[in-house]
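Participant: Work out the full structure, taking the sequences as your base and the hints as a guide.
Here are the chains, one letter per residue:
2 protein chains.
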Amino acid sequence: MQFELTREFLDKLRVHIDKKEEAAAFDMVKDLHPADIADIYDELEMNEAQFLHVMLDEDKAADVFVELEDDDRERFIESLPSEFIAKQLIDKMDSDDAADVIGDLSEQKQEEVISYIQDLDLAGDIVDLLNYDENTAGGLMAKELITVNENWNMTTCLKEMRKQATEVDEIYYVYVVDDNNILKGTLSLKKMLLASANARIKNIQNTEVISVKTDTKSEEVANIMEKYNLVALPVVDAIGRLAGRITIDDVVDVMREEAERDYQLVSGITQDVEHSDSAWLLTRARIPWLFIGLFGGIIGALVIGNYEYDLGLYPQMAFFIPLIAAMGGNVGVQSSSIIVQALATNSLGFESIGKKLSKELFVASINGIILSSVIFTYNFFLSDSFALTITVSSALFAVIIFASLFGTFVPMLLDRFKIDPALATGPFITTVNDIMGLFLYLMIGRLFFSIF
Amino acid sequence: MQFELTREFLDKLRVHIDKKEEAAAFDMVKDLHPADIADIYDELEMNEAQFLHVMLDEDKAADVFVELEDDDRERFIESLPSEFIAKQLIDKMDSDDAADVIGDLSEQKQEEVISYIQDLDLAGDIVDLLNYDENTAGGLMAKELITVNENWNMTTCLKEMRKQATEVDEIYYVYVVDDNNILKGTLSLKKMLLASANARIKNIQNTEVISVKTDTKSEEVANIMEKYNLVALPVVDAIGRLAGRITIDDVVDVMREEAERDYQLVSGITQDVEHSDSAWLLTRARIPWLFIGLFGGIIGALVIGNYEYDLGLYPQMAFFIPLIAAMGGNVGVQSSSIIVQALATNSLGFESIGKKLSKELFVASINGIILSSVIFTYNFFLSDSFALTITVSSALFAVIIFASLFGTFVPMLLDRFKIDPALATGPFITTVNDIMGLFLYLMIGRLFFSIF
Numbered sequence: 053m054q055f056e057l058t059r060e061f062l063d064k065l066r067v068h069i070d071k072k073e074e075a076a077a078f079d080m081v082k083d084l085h086p087a088d089i090a091d092i093y094d095e096l097e098m099n100e101a102q103f104l105h106v107m108l109d110e111d112k113a114a115d116v117f118v119e120l121e122d123d124d125r126e127r128f129i130e131s132l133p134s135e136f137i138a139k140q141l142i143d144k145m146d147s148d149d150a151a152d153v154i155g156d157l158s159e160q161k162q163e164e165v166i167s168y169i170q171d172l173d174l175a176g177d178i179v180d181l182l183n184y185d186e187n188t189a190g191g192l193m194a195k196e197l198i199t200v201n202e203n204w205n206m207t208t209c210l211k212e213m214r215k216q217a218t219e220v221d222e223i224y225y226v227y228v229v230d231d232n233n234i235l236k237g238t239l240s241l242k243k244m245l246l247a248s249a250n251a252r253i254k255n256i257q258n259t260e261v262i263s264v265k266t267d268t269k270s271e272e273v274a275n276i277m278e279k280y281n282l283v284a285l286p287v288v289d290a291i292g293r294l295a296g297r298i299t300i301d302d303v304v305d306v307m308r309e310e311a312e313r314d315y316q317l318v319s320g321i322t323q324d325v326e327h328s329d330s331a332w333l334l335t336r337a338r339i340p341w342l343f344i345g346l347f348g349g350i351i352g353a354l355v356i357g358n359y360e361y362d363l364g365l366y367p368q369m370a371f372f373i374p375l376i377a378a379m380g381g382n383v384g385v386q387s388s389s390i391i392v393q394a395l396a397t398n399s400l401g402f403e404s405i406g407k408k409l410s411k412e413l414f415v416a417s418i419n420g421i422i423l424s425s426v427i428f429t430y431n432f433f434l435s436d437s438f439a440l441t442i443t444v445s446s447a448l449f450a451v452i453i454f455a456s457l458f459g460t461f462v463p464m465l466l467d468r469f470k471i472d473p474a475l476a477t478g479p480f481i482t483t484v485n486d487i488m489g490l491f492l493y494l495m496i497g498r499l500f501f502s503i504f
Numbered sequence: 053m054q055f056e057l058t059r060e061f062l063d064k065l066r067v068h069i070d071k072k073e074e075a076a077a078f079d080m081v082k083d084l085h086p087a088d089i090a091d092i093y094d095e096l097e098m099n100e101a102q103f104l105h106v107m108l109d110e111d112k113a114a115d116v117f118v119e120l121e122d123d124d125r126e127r128f129i130e131s132l133p134s135e136f137i138a139k140q141l142i143d144k145m146d147s148d149d150a151a152d153v154i155g156d157l158s159e160q161k162q163e164e165v166i167s168y169i170q171d172l173d174l175a176g177d178i179v180d181l182l183n184y185d186e187n188t189a190g191g192l193m194a195k196e197l198i199t200v201n202e203n204w205n206m207t208t209c210l211k212e213m214r215k216q217a218t219e220v221d222e223i224y225y226v227y228v229v230d231d232n233n234i235l236k237g238t239l240s241l242k243k244m245l246l247a248s249a250n251a252r253i254k255n256i257q258n259t260e261v262i263s264v265k266t267d268t269k270s271e272e273v274a275n276i277m278e279k280y281n282l283v284a285l286p287v288v289d290a291i292g293r294l295a296g297r298i299t300i301d302d303v304v305d306v307m308r309e310e311a312e313r314d315y316q317l318v319s320g321i322t323q324d325v326e327h328s329d330s331a332w333l334l335t336r337a338r339i340p341w342l343f344i345g346l347f348g349g350i351i352g353a354l355v356i357g358n359y360e361y362d363l364g365l366y367p368q369m370a371f372f373i374p375l376i377a378a379m380g381g382n383v384g385v386q387s388s389s390i391i392v393q394a395l396a397t398n399s400l401g402f403e404s405i406g407k408k409l410s411k412e413l414f415v416a417s418i419n420g421i422i423l424s425s426v427i428f429t430y431n432f433f434l435s436d437s438f439a440l441t442i443t444v445s446s447a448l449f450a451v452i453i454f455a456s457l458f459g460t461f462v463p464m465l466l467d468r469f470k471i472d473p474a475l476a477t478g479p480f481i482t483t484v485n486d487i488m489g490l491f492l493y494l495m496i497g498r499l500f501f502s503i504f
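Each protein sequence line maps, in turn, to chains A and B.
Every letter in the first sequence is one number past the one before it in the numbering used here, and letter 264, counting from 1, is 316.
Every letter in the second sequence is one number past the one before it in the numbering used here, and letter 298, counting from 1, is 350.
Incorrect hints may have been included.
As the list claims (entries may be wrong) - In silico contact screen, one side only, chain B against chain A (beta carbon under 7 angstroms); selected entries:
1) Val318
2) Ser319
3) Ile339
4) Gly357
5) Ala378
6) Ser399
7) Phe402
Honestly, the hints are just simulated from the structure, not real lab data.
All values reported here derive from a predicted model rather than from experimental measurement.
Just so it is clear, CB atoms sit at the ideal spot from N, CA and C, and this is done for glycine as well.
Facilitator: Right under this line is the structure:
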């Protein structure tokens, strides 16, 4: 039922484009959904995509443009004159999409494009929207919505809705306001269907309406819409006047980006990159963590260097260096990622930090006892040094305890200071735990080798 | 505007519950949204939550029940008799929520509960829905929807819609079917507002409707709804008959779970756990990766053991063991997580595997050259052994190349064999790269120490 992009399709399309067979190329894409056409552009060269784009009708061309990924869109828009952007693209868009597109332009080009917009209402809306930080409800919302006055009856309401409906793409709710445009409630399609023509809006509206302020953070908007299962959320200004509405599709993008960002941080990638990005971008996103890892490795070398004499006496100590370092890193990442997820979904609960740490200590102790016993047994039977046997298992236990507590504590601390706790899941925790593990191991080793 | 759960609120509520002050306790929760009440239950003991629950009116009690987290709901439901579950809870739910709740019960209890359901339509819908795998469109969909016949005019359509609307919570689209219940199109609220009373549905419906089959996988449903910005998606059976609809709020949950699962896999956690879960569950979710790490550490010890003689001669070789092992793990996780994300969002593109690997090779080479030069410079000035200097930097370069290619290749291979590629991001890649890194390092070391 849906279109699925295949290599065969792309190859065939490219042949038509290369041969400048306009009709044949257009035939292949003309019935596709704008989102599918945007996916095709993503695989094509700039000039190939432009060859197709000029053949699309204006509305579809604008829709495809909205669906493009940010980097494709930027490449595209640079090649277009301001007048064309305004008249052929922006004029066909909803205010939120239009503001997003214009917001990516240079300040000078922004002014130029806005001056060319024909629909003055839209131009005004865009200028309003550009004032909001893009990571807030104001930056997510669209100005297009249907509002009715609470004092109207259903007949007036339907007449007004018909007038307003031409401006709005999708209607999920109708918003009810008072004479001062203060948000009072919502009216669902269901209520409207079941209401009589004389019913006053005031009496049939749902007054338990959930809304956010223009400066509410995007993540909170996403959490609210997810928690209360909303498809659209009204946005009000500081005194409660209806300013716009956010639809779930925009918030789904916010959620996806947030999840990807956390995922990338825990994987040690510092920027939002995709496999299809340039090698240069990929390198830049990956090298910062590697530098931290390298730096940690150098500190590790200095720590071990401090114990060179001991290692010369008991070279078998070196065998278990990777085990201890790896386990510290692993345990730390586990602990911190559990805390980061809990913080992201607001599900950390209300116990004190002390209680959380003692629970973590308990879990770490169980893991530590199990794993230390295994390595103790292994070395007891297979190593000829009892000092080594007891060193490795004690150090493993110590490093598991330390890494758990440290991995739990640091993200909570960052969060307390309003720093993104996900920063603690990647390089920082692993590197500190690697080094700390080595230090504990060698110190314990020196102790036990002097005893046994 | 929204309720925010605080420790003060909880403490106060608990005092009322402890003192059995029903009215005071009820006052605190009676105006809250069901999702907020569910959050409160999550923080309370079982008997405290029950104390509140019996005071809620039936509809709200059912709504709260739907909003509960799975594990809270299971604890709750075990304490309730089948008749109560059927009459007080299930009868007030939508079919998809009802099927989810009943699907978690034992087979015997399922039958019991279903036999007590008063609304026979609902009971039939539930039995139908229970047949579908919960990870497919059939398992996500609800049976409640509004359908109109393509041959009706708007007047008949509105009359029929009024009849059906009482059964449906939220209406986003009206589905248009033919006489055989085959899905033909959708009708948006906007179209209905603008249509004349005599307009035939056939002529005003949107026929470019995107739908999925009952056996479409949940992840694909989520990708489709996200890509095409849909709030509701119709589900059809094998011959195109309308079977149900999926709403975006259920799919948002699917997306969240998917993202959490990938996040947990890359953090080395094997089960869906939260910080608030029991210590036992947390231990069980964390220990498998730690065992793999331990096993990898033992193999690492054996690899190093093989080079004990060389280490005895050049004990400084031991200093850089953690650096090499850590970098192998880091680079591997970066590479594999970029591929896993690309696979999850269908954005891997259409180049051949060979082309993808050569791009990765290029990125790895840049990273490798930069990092190796840094460590070369460091050792050149600060170490007295040129053999060590050249060994560490060559081994670092080699391990970065190996780990990149391996981290890219393995998830693609798993995906080709329909195994979840995210399995490759955690323990497997890190451990293999750790060991491989050690092996390369010691081998290269033996070579260069024999030359210089």
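Participant: Hint by hint, note whether the structure agrees.
Facilitator: The hints, checked one at a time:
| no. | hint | in the structure |
| --- | --- | --- |
| 1 | Val318 | 6 angstroms, holds |
| 2 | Ser319 | 4 angstroms, holds |
| 3 | Ile339 | 6 angstroms, holds |
| 4 | Gly357 | 5 angstroms, holds |
| 5 | Ala378 | 5 angstroms, holds |
| 6 | Ser399 | 6 angstroms, holds |
| 7 | Phe402 | 5 angstroms, holds |
Checked against the numbered hints above, the structure breaks none of them.
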